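Engineer: Protein chains in written order, with the working numbering: chain A, 2 to 325; chain B, 2 to 325; chain C, 19 to 288; chain D, 19 to 288.
It should be emphasised that the hints constitute simulated quantities derived from the structure, not laboratory data. Where hints are given, some of them may not hold.
Claimed, not checked - In silico BS3-like cross-links for lysine-lysine, where the CA-CA straight-line distance does not exceed 30 angstroms: (1) Lys46/C with Lys4/A; (2) Lys66/D with Lys27/D; (3) Lys299/B with Lys267/B; (4) Lys180/D with Lys195/D; (5) Lys210/C with Lys274/B; (6) Lys46/C with Lys212/A; (7) Lys272/A with Lys66/D; (8) Lys152/A with Lys210/C; (9) Lys32/C with Lys210/C; (10) Lys212/B with Lys166/D; (11) Lys150/C with Lys152/B; (12) Lys150/D with Lys176/D; (13) Lys46/C with Lys150/C; (14) Lys70/A with Lys84/A; (15) Lys195/D with Lys152/A; (16) Lys155/A with Lys195/D; (17) Lys210/D with Lys84/A.
Unchecked claim - Using C-beta positions, here's what the derived DEER-type ranges look like: (18) Thr145/C with Ser324/B: 54 to 62 angstroms; (19) Lys210/D with Gly45/B: 49 to 57 angstroms; (20) Ile87/C with Glu224/B: 28 to 36 angstroms.
What the hints assert, rightly or not - Okay, the calculated bits of chain A under chain D, using three or more residues with CB under 8 angstroms as the criterion: (21) 253 to 259; (22) 277 to 288; (23) 308 to 317.
Being a predicted model, the structure only gives us computed values, none of them experimental. Virtual Cβ for every residue (Gly too), placed ideally from N, Cα, C.
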Amino acid sequence: MAKPEKVTLQEAIRLIPDGSTITFGGFTIWRRPMAAVYEMVRQGKQDLHLVEVNGGTHTEVLIGAGCVKIWESCWVGHELYGKLGACLDRFARSGKVIVEDYSHVHMLYRMLAGSMGLPYLPTYASLGTDILNPEYDNLGRFGLRNGSHPKIPKKKYEIVRDIFSGNELIHVPAVNPDWCIVLAQMVGEEGTVRVKGQKYSDVEAIRASEKVIVIAEQIVPEEYLRRDPDLNLVPPYLVDYLVELPWAGHPTGCQGMYEVDGQFIKNFYEKSKTQEMFDSWAQEWIFGVGDHYGYLEKIGVRQLEDLRANQVLGYSTRMRRGSR
Amino acid sequence: MAKPEKVTLQEAIRLIPDGSTITFGGFTIWRRPMAAVYEMVRQGKQDLHLVEVNGGTHTEVLIGAGCVKIWESCWVGHELYGKLGACLDRFARSGKVIVEDYSHVHMLYRMLAGSMGLPYLPTYASLGTDILNPEYDNLGRFGLRNGSHPKIPKKKYEIVRDIFSGNELIHVPAVNPDWCIVLAQMVGEEGTVRVKGQKYSDVEAIRASEKVIVIAEQIVPEEYLRRDPDLNLVPPYLVDYLVELPWAGHPTGCQGMYEVDGQFIKNFYEKSKTQEMFDSWAQEWIFGVGDHYGYLEKIGVRQLEDLRANQVLGYSTRMRRGSR
Amino acid sequence: MTKNAELAKPGEYKPLDLLATAAAREVKNGDIVFAGTGLPMLAIMLAKLTHAPEAVCIYEAGTIDGRPIHLPTSVGDARNEYQAAVAAGLNEVFAQLQRGLVDVAFLGGAEIDRYGNVNTTAVGRYTPAPEKRLTGGGGNPDINSLAKRTVFIMVQEKRRFKERVDYITSPGWRIPKWPSGELVPKQEVYGKFFRGGPSAVITNMGVFRFDENGEIYLDTVHPGFTPEQVKENCSFDLNISRVRGETLPPGRREIELLYTVIDPEGVFLA
Amino acid sequence: MTKNAELAKPGEYKPLDLLATAAAREVKNGDIVFAGTGLPMLAIMLAKLTHAPEAVCIYEAGTIDGRPIHLPTSVGDARNEYQAAVAAGLNEVFAQLQRGLVDVAFLGGAEIDRYGNVNTTAVGRYTPAPEKRLTGGGGNPDINSLAKRTVFIMVQEKRRFKERVDYITSPGWRIPKWPSGELVPKQEVYGKFFRGGPSAVITNMGVFRFDENGEIYLDTVHPGFTPEQVKENCSFDLNISRVRGETLPPGRREIELLYTVIDPEGVFLA
Numbered sequence: 002m003a004k005p006e007k008v009t010l011q012e013a014i015r016l017i018p019d020g021s022t023i024t025f026g027g028f029t030i031w032r033r034p035m036a037a038v039y040e041m042v043r044q045g046k047q048d049l050h051l052v053e054v055n056g057g058t059h060t061e062v063l064i065g066a067g068c069v070k071i072w073e074s075c076w077v078g079h080e081l082y083g084k085l086g087a088c089l090d091r092f093a094r095s096g097k098v099i100v101e102d103y104s105h106v107h108m109l110y111r112m113l114a115g116s117m118g119l120p121y122l123p124t125y126a127s128l129g130t131d132i133l134n135p136e137y138d139n140l141g142r143f144g145l146r147n148g149s150h151p152k153i154p155k156k157k158y159e160i161v162r163d164i165f166s167g168n169e170l171i172h173v174p175a176v177n178p179d180w181c182i183v184l185a186q187m188v189g190e191e192g193t194v195r196v197k198g199q200k201y202s203d204v205e206a207i208r209a210s211e212k213v214i215v216i217a218e219q220i221v222p223e224e225y226l227r228r229d230p231d232l233n234l235v236p237p238y239l240v241d242y243l244v245e246l247p248w249a250g251h252p253t254g255c256q257g258m259y260e261v262d263g264q265f266i267k268n269f270y271e272k273s274k275t276q277e278m279f280d281s282w283a284q285e286w287i288f289g290v291g292d293h294y295g296y297l298e299k300i301g302v303r304q305l306e307d308l309r310a311n312q313v314l315g316y317s318t319r320m321r322r323g324s325r
Numbered sequence: 002m003a004k005p006e007k008v009t010l011q012e013a014i015r016l017i018p019d020g021s022t023i024t025f026g027g028f029t030i031w032r033r034p035m036a037a038v039y040e041m042v043r044q045g046k047q048d049l050h051l052v053e054v055n056g057g058t059h060t061e062v063l064i065g066a067g068c069v070k071i072w073e074s075c076w077v078g079h080e081l082y083g084k085l086g087a088c089l090d091r092f093a094r095s096g097k098v099i100v101e102d103y104s105h106v107h108m109l110y111r112m113l114a115g116s117m118g119l120p121y122l123p124t125y126a127s128l129g130t131d132i133l134n135p136e137y138d139n140l141g142r143f144g145l146r147n148g149s150h151p152k153i154p155k156k157k158y159e160i161v162r163d164i165f166s167g168n169e170l171i172h173v174p175a176v177n178p179d180w181c182i183v184l185a186q187m188v189g190e191e192g193t194v195r196v197k198g199q200k201y202s203d204v205e206a207i208r209a210s211e212k213v214i215v216i217a218e219q220i221v222p223e224e225y226l227r228r229d230p231d232l233n234l235v236p237p238y239l240v241d242y243l244v245e246l247p248w249a250g251h252p253t254g255c256q257g258m259y260e261v262d263g264q265f266i267k268n269f270y271e272k273s274k275t276q277e278m279f280d281s282w283a284q285e286w287i288f289g290v291g292d293h294y295g296y297l298e299k300i301g302v303r304q305l306e307d308l309r310a311n312q313v314l315g316y317s318t319r320m321r322r323g324s325r
Numbered sequence: 019m020t021k022n023a024e025l026a027k028p029g030e031y032k033p034l035d036l037l038a039t040a041a042a043r044e045v046k047n048g049d050i051v052f053a054g055t056g057l058p059m060l061a062i063m064l065a066k067l068t069h070a071p072e073a074v075c076i077y078e079a080g081t082i083d084g085r086p087i088h089l090p091t092s093v094g095d096a097r098n099e100y101q102a103a104v105a106a107g108l109n110e111v112f113a114q115l116q117r118g119l120v121d122v123a124f125l126g127g128a129e130i131d132r133y134g135n136v137n138t139t140a141v142g143r144y145t146p147a148p149e150k151r152l153t154g155g156g157g158n159p160d161i162n163s164l165a166k167r168t169v170f171i172m173v174q175e176k177r178r179f180k181e182r183v184d185y186i187t188s189p190g191w192r193i194p195k196w197p198s199g200e201l202v203p204k205q206e207v208y209g210k211f212f213r214g215g216p217s218a219v220i221t222n223m224g225v226f227r228f229d230e231n232g233e234i235y236l237d238t239v240h241p242g243f244t245p246e247q248v249k250e251n252c253s254f255d256l257n258i259s260r261v262r263g264e265t266l267p268p269g270r271r272e273i274e275l276l277y278t279v280i281d282p283e284g285v286f287l288a
Numbered sequence: 019m020t021k022n023a024e025l026a027k028p029g030e031y032k033p034l035d036l037l038a039t040a041a042a043r044e045v046k047n048g049d050i051v052f053a054g055t056g057l058p059m060l061a062i063m064l065a066k067l068t069h070a071p072e073a074v075c076i077y078e079a080g081t082i083d084g085r086p087i088h089l090p091t092s093v094g095d096a097r098n099e100y101q102a103a104v105a106a107g108l109n110e111v112f113a114q115l116q117r118g119l120v121d122v123a124f125l126g127g128a129e130i131d132r133y134g135n136v137n138t139t140a141v142g143r144y145t146p147a148p149e150k151r152l153t154g155g156g157g158n159p160d161i162n163s164l165a166k167r168t169v170f171i172m173v174q175e176k177r178r179f180k181e182r183v184d185y186i187t188s189p190g191w192r193i194p195k196w197p198s199g200e201l202v203p204k205q206e207v208y209g210k211f212f213r214g215g216p217s218a219v220i221t222n223m224g225v226f227r228f229d230e231n232g233e234i235y236l237d238t239v240h241p242g243f244t245p246e247q248v249k250e251n252c253s254f255d256l257n258i259s260r261v262r263g264e265t266l267p268p269g270r271r272e273i274e275l276l277y278t279v280i281d282p283e284g285v286f287l288a
């Protein structure tokens, strides 16, 4: 089938089994499919294995809600609005989440290798760091590299000596997540995906993954997107399920659509520092609102309009950002 | 210096020393910097080492004119307009050009590796072919893999067994050509390059190379190109020299600008079958016309206007293509 | 308009029409197709207009799912970009290919052997200097390595259907394992990366397929030819014991589409 | 408008203004700069408005040579894309980085040691469960491996300037060679791929550089502090024998640019 199936958010998320390996489009606090993340929490997903080029607010929500068992990535935090991942800190300290640290290039190349059908890619980025300390291979320490987990490579990385350069470098293993969830500004009726602005590592995440859910801020005429194929990210046959949902990235930002809701993230970050506060935040903002539109109603029109991007500049010019 | 230097075609080509390793933008008979190739012939370049993701009419002109010593690539021909590279056939048979055969993926990955700062990339494309026959390593047979040629890797490729997949695959060595010449539809005054339509392997060729010459069909306001950074190929600092020259790709095609001149290529292909005919063709179309504008005058306005692309469709609708 | 089911009679179609139609029939609805210059373009366009409207075409030069309204003459052609989903480059399409997304690909060749190994590089001696240089492999060997099925379109001549090709450009079902060069089944060389290989060869005389041992046999013979005539145009001892009958001729509707919708200018169909 | 050359007097600028100015001065005209979120954005914009108009900025998220008219708050920010040369993705910018195109990069860290090794991963024990988890490395170790020069901007505290960092997230001048973990010079680990490394550390108290052995020393001390005070805020025995004098304060023109042109909204400069 060349075309994605159009489904509701609830239907799409229901397809994801507990224990799945998952990755997301976006970058830190930008263009994250937050509505899907909230719905995963509502549906009580368990034992998720996140493999992310980088993490962000969405990662923290999933970890705080107890959905995650393994997190392989290089970074989690909320940029200016929260200096670290307080949930990850708590869950890693208690051993409830196993963390495997790589560098940004390593994670990108793991996803890129997966997206190119290769078992690994070479790099010399981040040699000489504790990322490569053999004692710090956490999945190995927990006995998860014995080959019985199809999505966990036998080794964290391999040191090789290259005959062409005469140098040592490393091979990082490919990843092919079971699921990838991406937020896009525009998707055509048949499924062509257009992402405006920075592409982050979305195309690598999509191609690497077995199943792809795309959440579209808006579904537009296919013919319109195809007038300018230079601007499109991936063709319809790379998308399995398509959901249309406005503001699906809030509180993260979406180029040309809306701004990062910094105050919202700052508040979440504060609440994420203890499990009790997190739970009551989740009660208020995830379970209590019922669904995505309940969430948007709770945020309110005034705030949404402040966040809405200026259609010429692509970001909000109404939102107060600083002290002046 | 972040900006390319604006020079004439003659000045740009004069910078390229004999013996240089060179690659080109474009694909077979599309968007090839033909004006630059003709000028290389006029200036009598010698001993060039071409490393191309694929070859085309431009390759045949350079080989026929005796400019080339080594050709590493996977394909040469003229698509519909000439079924093989008659000059390469002649020069390879006589031993005047050393050919190193790879597959298309191999060549792309050699360029991609170079463009990523990597010494090699892995692939399993084209295993089990004579491309990998150790006796068919021509540069090795001619003693050129002894490490004294900076642009010739020590091995044609390496067979490796990968620990992640348990499979055999190969590593193809990176290439970093001395020079890359690319034809683009639009370049900004400061050097931002926009290529319309298929990108072929232009960005890989540009990033891999030490020096880059871009020939622009037109130089446009930098600000205009920057309104839509999603459409641009590379930033100014990746371009060293910039030449503005219309129809610089003729007889190859240039999306949105002009069509492949099939009759011209067909005629060239016929003439390329013997050295005598090639020489008289070169006398007529390269030396005899003096420069690029002399060449265009000889083609004539009528033919150029037939080739000119319909501005909506991006290709010519006036040119007769078939038998009906 | 004629019905698709009505088959043309001998004399109502040209050899090229039959080739294009037979090739089109190798495309299944929903297939992701990798097509090269020439006849394959007619075949994929014909398939999309008939039984495989949801097939999608990728071109090696970078265009994905184009909907050309004028027949492209090569994979680099701007016509491919009309209403395309993405105008990318080689890196994107080869990544998709190596990732295993391509269902079927159309390829050509100058020589083929009984195991489907194909030569497009050089005829006769290869080294130190070739006897006759051809185009080289291009993406042919890559596509043949990485797609699930490949279909070769070739000219039937004794010198082209050889016991062993002079140079294995593109891997068939028994291929050399380097560095030794021993001929082994394709599965053994590709291991976990094995996806398939040559599934059909279509010539001006018949349609060939491959048996359990990866050996070529004649599947159907084009109207007007006998299996023995095909065998005479092979250098090796062609298996004609499994011939199912005659190749289905083109439908009248298919011919109409070829000449009026797909190639009205007569670019390939003179 | 005030002249660039007129330096501000003590009391006329805030610590952050000095940091931004000192960081900006590390940018040379024409440099290709890799900048992260926060202060580095002020620094590169200030450099471009003063002595380095031809410097070019690349952001990790994929934007190349943006010309923002509103201060971005993070590398993923849409503001970076305004009048950018290319809006690409991580693969493009990391390819440029690994290819050796980046002249200088600005980075941060929670802990640093005498060899410029930086920790942003975990404080205290790392495994089996960390004592205190930080953000993780992100692109910090990659950029520090692959750029020609890197400049760290950090807070000066005894607990942050350590004899040995708890986890080497980002490689300094003496780093472990795995699998043994023996500490060796960076050049030895990177071999032909070696391009450089930490060239300056700028804190709220001074500017540090690295000597021939890759050991950190105090280069200049910010006005209002003494070298001894800086030394007291290091856990290790800081070399203060090479101090050249005081850090040049911001120019009046630089302060004006920071508050009226670069960050008029008070995003970073409250």
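Engineer: A separate judgement is required for each hint: does it hold in the structure or not?
Structural biologist: Hints, verified against the model:
no.	hint	in the structure
1	Lys46/C with Lys4/A	holds, 15 angstroms
2	Lys66/D with Lys27/D	holds, 23 angstroms
3	Lys299/B with Lys267/B	holds, 17 angstroms
4	Lys180/D with Lys195/D	holds, 21 angstroms
5	Lys210/C with Lys274/B	violated, 45 angstroms
6	Lys46/C with Lys212/A	holds, 22 angstroms
7	Lys272/A with Lys66/D	violated, 39 angstroms
8	Lys152/A with Lys210/C	holds, 16 angstroms
9	Lys32/C with Lys210/C	violated, 43 angstroms
10	Lys212/B with Lys166/D	holds, 19 angstroms
11	Lys150/C with Lys152/B	holds, 28 angstroms
12	Lys150/D with Lys176/D	holds, 18 angstroms
13	Lys46/C with Lys150/C	violated, 38 angstroms
14	Lys70/A with Lys84/A	holds, 23 angstroms
15	Lys195/D with Lys152/A	holds, 28 angstroms
16	Lys155/A with Lys195/D	holds, 22 angstroms
17	Lys210/D with Lys84/A	violated, 36 angstroms
18	Thr145/C with Ser324/B: 54 to 62 angstroms	violated, 41 angstroms
19	Lys210/D with Gly45/B: 49 to 57 angstroms	violated, 36 angstroms
20	Ile87/C with Glu224/B: 28 to 36 angstroms	holds, 34 angstroms
21	253 to 259	holds (count 3)
22	277 to 288	violated (count 0)
23	308 to 317	holds (count 4)
Checked against the numbered hints given earlier, the structure breaks hints 5, 7, 9, 13, 17, 18, 19, 22 and satisfies all the rest.
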